[in-house]
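Residue numbers (the working numbering), protein chains in the order written: chain A, 1 to 285; chain B, 1 to 615.
None of these hints come from the bench; they were simulated from the model. None of the values given here were measured: they were computed from a predicted structure. Hints are not guaranteed to be accurate.
[As the list claims (entries may be wrong)] Computed list of lysine to aspartate or glutamate pairs in EDC-like fashion (alpha-carbon distance at most 16 Å, straight line):
#, chain 1, residue 1, chain 2, residue 2
1, B, K553, B, E507
2, B, K284, A, D275
3, B, K284, A, E282
4, B, K284, A, D274
[Stated by the list, open to error] Listed next, with one range per pair, are the computed distances between beta-carbon atoms:
#, chain 1, residue 1, chain 2, residue 2, range
5, A, A263, B, A279, 14 to 24 Å
6, B, R481, A, C31, 20 to 30 Å
7, B, R429, A, C31, 37 to 47 Å
[To be verified] Stretch-level coverage of chain B by chain A, calculated; a stretch enters the list once three of its residues show a Cβ under 8 Å from a Cβ in chain A:
#, stretch
8, 68–78
9, 250–260
10, 284–292
11, 300–307
12, 441–453
13, 464–471
Note that the Cβ used here is the ideal one computed from N, Cα and C, for glycine as well.
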Amino acid sequence: MNDVATMNKGASCSPPLTHASYKSSYKPIWCPGCGDYSVLSSVTKAFAKVGVPPHRIAVVSGIGCSSRIPAYTSCYGFHGVHGRSLAAATGLKVARPDLTVLVASGDGDGYSIGGNHFLHACRRNVDLTYIVMDNHVYGMTKGQPSPTTEPDWDSKLSPGGTGLRPFHPLVIALASGANFVARAFSGDPNGTADIIAEAIRHPGFSFVEILSPCVTFRPEQREWKQLAHPAQVGTTDDPARAARYIMTDDGFNTGVLYAGRRAPYPLDRPDARDDVTTLKEEFAL
Amino acid sequence: MSEQSTMSRPLAGGNAAVTGGACGVDIAMCLERGMAAKAAPARRTASSVSVALAGSGGSGVMTAGTLLLSAAAKAGWYGLMVRTSGPQIRGGEAAALVRLSRTPVDTLDDRFDLLLAIDWRNINRFADEIPIGASCVVIGDPDEGEAPEVYKATGARMVARPLKKTAKGIPGSWTNMVALGLAGALAGVPRDALEAAVRESWKRSSDSLAANLAALAAGMASAAGIEGMPTLVPGDAPDVKRWLISGNEAAGLGAIRGGVRFVAAYPITPATEMLEWMAPALTKVGGTLLQAEDELASVNMIIGASYGGVPALTATAGPGLSLMTEGIGLACSAEVPIVVVDVMRGGPSTGIPAKSEQSDLSFAVNGLHGDAPRIVLAPTSIADCLATTQWAVELAEATQAPAIVLSDQFMGQSRAVIERPSDVASPARRLVAKANAPDYKRYRDTGSGVSPMAIPGTPGIVYTADGLEHSEAGIPSSQVRDHRLQLDKRERKLMLHDYGSRWADVEGGAECAVITFGSSTAAVREAVARLAEEGVKLRLVAVRLLAPLAPAKLDQALRGVTRVLVIEQNHGAQLFRYLRSLHNLPGTPASFHRPGPLPLRPGEIASAILEWRGR
Numbered sequence: 001m002n003d004v005a006t007m008n009k010g011a012s013c014s015p016p017l018t019h020a021s022y023k024s025s026y027k028p029i030w031c032p033g034c035g036d037y038s039v040l041s042s043v044t045k046a047f048a049k050v051g052v053p054p055h056r057i058a059v060v061s062g063i064g065c066s067s068r069i070p071a072y073t074s075c076y077g078f079h080g081v082h083g084r085s086l087a088a089a090t091g092l093k094v095a096r097p098d099l100t101v102l103v104a105s106g107d108g109d110g111y112s113i114g115g116n117h118f119l120h121a122c123r124r125n126v127d128l129t130y131i132v133m134d135n136h137v138y139g140m141t142k143g144q145p146s147p148t149t150e151p152d153w154d155s156k157l158s159p160g161g162t163g164l165r166p167f168h169p170l171v172i173a174l175a176s177g178a179n180f181v182a183r184a185f186s187g188d189p190n191g192t193a194d195i196i197a198e199a200i201r202h203p204g205f206s207f208v209e210i211l212s213p214c215v216t217f218r219p220e221q222r223e224w225k226q227l228a229h230p231a232q233v234g235t236t237d238d239p240a241r242a243a244r245y246i247m248t249d250d251g252f253n254t255g256v257l258y259a260g261r262r263a264p265y266p267l268d269r270p271d272a273r274d275d276v277t278t279l280k281e282e283f284a285l
Numbered sequence: 001m002s003e004q005s006t007m008s009r010p011l012a013g014g015n016a017a018v019t020g021g022a023c024g025v026d027i028a029m030c031l032e033r034g035m036a037a038k039a040a041p042a043r044r045t046a047s048s049v050s051v052a053l054a055g056s057g058g059s060g061v062m063t064a065g066t067l068l069l070s071a072a073a074k075a076g077w078y079g080l081m082v083r084t085s086g087p088q089i090r091g092g093e094a095a096a097l098v099r100l101s102r103t104p105v106d107t108l109d110d111r112f113d114l115l116l117a118i119d120w121r122n123i124n125r126f127a128d129e130i131p132i133g134a135s136c137v138v139i140g141d142p143d144e145g146e147a148p149e150v151y152k153a154t155g156a157r158m159v160a161r162p163l164k165k166t167a168k169g170i171p172g173s174w175t176n177m178v179a180l181g182l183a184g185a186l187a188g189v190p191r192d193a194l195e196a197a198v199r200e201s202w203k204r205s206s207d208s209l210a211a212n213l214a215a216l217a218a219g220m221a222s223a224a225g226i227e228g229m230p231t232l233v234p235g236d237a238p239d240v241k242r243w244l245i246s247g248n249e250a251a252g253l254g255a256i257r258g259g260v261r262f263v264a265a266y267p268i269t270p271a272t273e274m275l276e277w278m279a280p281a282l283t284k285v286g287g288t289l290l291q292a293e294d295e296l297a298s299v300n301m302i303i304g305a306s307y308g309g310v311p312a313l314t315a316t317a318g319p320g321l322s323l324m325t326e327g328i329g330l331a332c333s334a335e336v337p338i339v340v341v342d343v344m345r346g347g348p349s350t351g352i353p354a355k356s357e358q359s360d361l362s363f364a365v366n367g368l369h370g371d372a373p374r375i376v377l378a379p380t381s382i383a384d385c386l387a388t389t390q391w392a393v394e395l396a397e398a399t400q401a402p403a404i405v406l407s408d409q410f411m412g413q414s415r416a417v418i419e420r421p422s423d424v425a426s427p428a429r430r431l432v433a434k435a436n437a438p439d440y441k442r443y444r445d446t447g448s449g450v451s452p453m454a455i456p457g458t459p460g461i462v463y464t465a466d467g468l469e470h471s472e473a474g475i476p477s478s479q480v481r482d483h484r485l486q487l488d489k490r491e492r493k494l495m496l497h498d499y500g501s502r503w504a505d506v507e508g509g510a511e512c513a514v515i516t517f518g519s520s521t522a523a524v525r526e527a528v529a530r531l532a533e534e535g536v537k538l539r540l541v542a543v544r545l546l547a548p549l550a551p552a553k554l555d556q557a558l559r560g561v562t563r564v565l566v567i568e569q570n571h572g573a574q575l576f577r578y579l580r581s582l583h584n585l586p587g588t589p590a591s592f593h594r595p596g597p598l599p600l601r602p603g604e605i606a607s608a609i610l611e612w613r614g615r
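Chain B extracted, bound-state conformation (with noise of 0.2 Å):
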């Protein structure tokens, strides 16, 4: 590692980057907040809050969660819930971590303003993911034991409500409901807006609706008499109905948008949600998903089901993606349409299957034997998944090339309140070749790389796809003429497809400039607005089109920069080292680059970028 890349370390002190950078985390506080964070305010109003609601599994801290995001959403605030939990499947710990905010939130804050525990069990091991400080509000409930240590150590107002108890005085009512309540009101989201929630996501019985309703209701009056939680200034009720969706949600509909009628895939954390949300969802528009026996077979089930002609696609994590690579290199060789999702999780190996990590972008770009050109793709933020994966799509079947799609595990299964996206259906358009078209070369040399492809059922133009260094006719052949004139035409029809401005995000004019990608956009971007506040201006380059890379659109984009750092999380510097073995970046570039599974916070970033700038 160069010593241009070792920035995250010294800043950041290891693990304890979240809340370390105190500097950064005070600045980005103010600029929050304003200076009202540092005074000792009754109720004060912000542009954003942030809840934590913690308990053990069945809890319901989840769907008080959700109810709390839907609610504010009603009330005409945007939003996000980002879902975490112990390794248990059922049972352990889990916490709702949900910031609602006046503006659209993909990203979330450096600290919480409240953290409200059903009970105390094993809540503890959440001290890295839920961040408090001094001016939290943590509230428990005194019939399920003290706070743990950790947070009582944080200086955080300590407050009792009896949760359970009050539930028990209203029969057949949940304590989450309660909780619910309690959240809601000192977040400042107006009671209307959370009874509506609750009775549209009401499946059971009206008693027990009405029970639960009282117990939402006791929660709110039991908010009177705690102070210092900031409460959301008022929102404004949007015009058209903004969605709530998971960027797993997000990218199988942006899927099925893009054109893709089948999909083969084998369960795995964090991208079944994705494939579960498809299956009925295909099946609506003349499709099919099909679970496979494991990846090995998904991959190739999609390609033999796009060598029919139908746009096909997989979605999987790491451990999948690895599985997979052979069969996106025969994708690539015999030419064939895929698209594979890959829903990024701590690596490598088993990893952390349920946390986050954009740890396989270096794999994404280069793991296939073979010189195998392939699109890599990364969504930059949860409404992006939509979009970018339909954009994949639509490269996949247009360059009849592999793409693949970096999503993670914090995009795939967190929730956003996201604008209406615009109703672009792009079906995927394939180059398909014409019944007995005369002297018919699967894979003849054009100019743009790209060869007209035979449909099986097509009568007087039959081929053998293959995986074997083949003719232009597609007979298998070592020969060097075949070999070099193959891997051009593969190469060429990448690059010399048109991708147009969607190829990053790039926002501001500045001479320090900031690369990023993937769901650290959101954290980044954050950070970068920030700043602006104080006076620092920044350049920010969000890479969508991660491969092949644009070297001249990145140019272009970084015209008039001195400065470059790229941040990104993962413990190689992957991006990093990536943009620096295809481009030659100005200046001196560094790095900021930590791995999962905490999520990169605006705070930390804008504390690294300001210790990059003084250097």
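Okay, chain A solo, but in the shape it has when bound (with noise of 0.2 Å):
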């Protein structure tokens, strides 16, 4: 958008870039087993698919075990507040097209406290990639039912369940208007790698909800491992076929479910760039 979008164009690293080119030196503070070690050897390994050097990379979250990816990449990281991940990468996509953006949340921070933002993230269809690692529970607070928690999970802050329907995030995102959703899962790091690539090539807000087991605050999420499988059927650009396979699976089918074809917003760039002191002109008598 200004001097800033160019100024890098014709950077580039000149070591071939491997998936360990984006990773950081810093140790990720997750608890042993956490799911989402794995999403981030997916995320670095689909970076370097993509082959974007780690500068023209930001990864942006919010607040939660999944939100503290950011710093853990080598790419540009923005690390801001509870549930607004996506509206700061809406404002970084739009502001500067040239980057790639890749934004990470969790189900507490993108389905809860940024549930609005995930409506109209999806509606608005900014080419931007959203990875939302989901293991049905908050667990930086250590322990509290979220927007997918099953309805009878017991918990000190919702004794004998919340009672609650669990959201669909998938049925959401293509209802919303999402051009991209997938589901992956944690325990299969190179298949969920492939899909976010898949995620990051495809024009427009792709969604790829990741099965991220949480073992401190749900052990029993060890045995995801059984239960989930590749997608019985292949990726459509038919929304209302998308809607049934979604509506009726098992909710551990992994792959790319649905891949449209909306054009991205902002529909058109305007080139025009008039001098700031035209702008003057309508207000003189």
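Build the complex: two chains, separate frames, hints provided.
See below:
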């Protein structure tokens, strides 16, 4: 948009880019066994597949265990406030369309406090990749139910369970206009890397729900390893077909379930660059 | 509340403040118009004439008011038009409050010289907003019924003119054009200026233009025989074209001049017009305006854009500012420059959306959790909305901090004839880090407190911007040393910045000083000028840089001052309390404050000042 948008276009990293090129030297502080370790590895692998140098990528997040990812990459990072990662990423991408922007969130950050931004990010269709590490629990605050938690899951904050119907992220993404809807499982890091790479390459708003177990507060999620399986259908660009499949599946299908053809926002980028001083003419009497 | 700050009630009698303090009003009237105000004049001249055009929604009073202002501007006068309306979006009562003057005006007068009503439906609701007295002329259309009792009771000269019938007699013409001709003629606006204003604004067929020019002429002719209205002293045609602009437009232009190229915002009264002006304007200069889903999104979107290196702004009002607070704190912590324009309205909560009040000051200077230094500025006039918003962008970019601009509904939605602002293009300057800078640390503890900012896309200096407390390298940290270091740094960069002389408008050198801010400045300045003619000398300090407050500069501005009166438009004496919390004001400081929705008026303030001096 300004000079900054073009100032580094010629720059490139001389050594070949591997997934290690995208890892920072900081040691993650997740619990042992957390699914997010694998997601981090899938993200760096996906970046290497896409081949965009780290300094041309921004990883944007909110608050929660999953949202710690930016600093663990060697990309530009933005660790903002709870629930607002999509908003920050939208502003960044619209102002700096030359950057590759990946947004990382969790089920609390993305579906609860940030739920409204999720709907509107899907509608707006800015060329972002949105990965949500879903473990059906607030881990950072030590075990409260999230929008995707089962209604009868007992916790100190909601004894006996919330009694609330879980949120269905993929259906909502599709209904809200996301241009790419996929599910992945952290226990399959290579498959997840492929899906994230495809999401980055796909124009418009790409949503990837990643089942990522919290072994600390939801040890039963270790069973997800047995439950997750590749989807039995291929990718469709027909939202009706995708909707029927997503609404009737078992919640453990992985793969790209919908890849649409909507043009990303903004639809037309004006090239006009009048001198600022011309603006004043309308006020002169 | 200390007893020094209880002046508003005894003096003005609560809500009757505008019409109360008869002494003050009389003084003001005499000063403004000479002793003629007390005689029963035929046609007298004045340096300022105030006209209220009222009618129900759709009657075209706003158009008539705008054309009256633009015609007067063509004839060499300055002027101000304040829009006021009932709570209805369409169809309610509405009034264009126009003040025309030989000198620049940013405030309404104490009384109106003319109230011209196209109809009387619910216009009685404006009784407080359209103060009239016995010297006023009130014109109504006899076919629309009688004037409300509240206006008749003032003793004003009541005049009947068949506006609607006149328009009906000229097929294709409108009643508001008859009203424009009548008001224009009574104010002394020349026919050619009125005609030129109508012609210039005409977007319909030439047939309808001819009909409406005839209606204008009929309106002017119907002014014959109406006595008691002062007419304007002829204006001087300016050498350079003056501007006609609203505060919201001026703020938008200032933002773009300052370098803003990304705006995200959510519609809210009374800030929306600023955004509606900016949307196409930004497109022309290669920028973008994005309508966000809510204010939480807007503030985080502009933080994202600015993190990406593009100067960014949002505009809102009190409820939106409340929602943005967490984001503004993020901008403090992550050191991302942003500008938030708060076009203040009556609060708290939803409050009074379309009426002005200076009651977000405390929130703007204090309302973030943690120790979160921010810049708070308030323009002192409609014209200054341009310069101050531009300055806000410069300051935010230079200090890598959030800047809040406190405009308000009065300045934002009013339109004034102003001197042509100078062409000061000052693209914002941000200290940016160079590619592959050795040992780069985003939040390095520099002497100035400002650290070079890496812009995404630049190789060799990647970092993560964080709302978590962090080390100099930007790594999350809860260490004692890092917290202290970063708190000091964020405070220091605002304290050490050289704000120059623009921190306040300081006028006069008297021992009695009045301190004010924002849109109240114009009314205070006019009161001070009137009192000066009476031989009452005052010093005026209008604070533009509210945070960080510059105590040393305030000291200097108040050197030799023995008494201080702080004047503002809110219920809680917010500026008074704020100044006293940071500064030892000389003598026994006093406060004159009252809430909206009525704007402060010069006579009310002159009266308050006299009462204060007499104590």
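The hints, checked one at a time:
no.	hint	in the structure
1	B:K553 with B:E507	holds, 14 Å
2	B:K284 with A:D275	holds, 8 Å
3	B:K284 with A:E282	holds, 13 Å
4	B:K284 with A:D274	holds, 6 Å
5	A:A263 with B:A279: 14 to 24 Å	holds, 20 Å
6	B:R481 with A:C31: 20 to 30 Å	holds, 28 Å
7	B:R429 with A:C31: 37 to 47 Å	holds, 45 Å
8	68–78	holds (count 3)
9	250–260	holds (count 3)
10	284–292	holds (count 7)
11	300–307	holds (count 8)
12	441–453	violated (count 0)
13	464–471	holds (count 5)
Hint compliance for this structure: hint 12 alone is broken.
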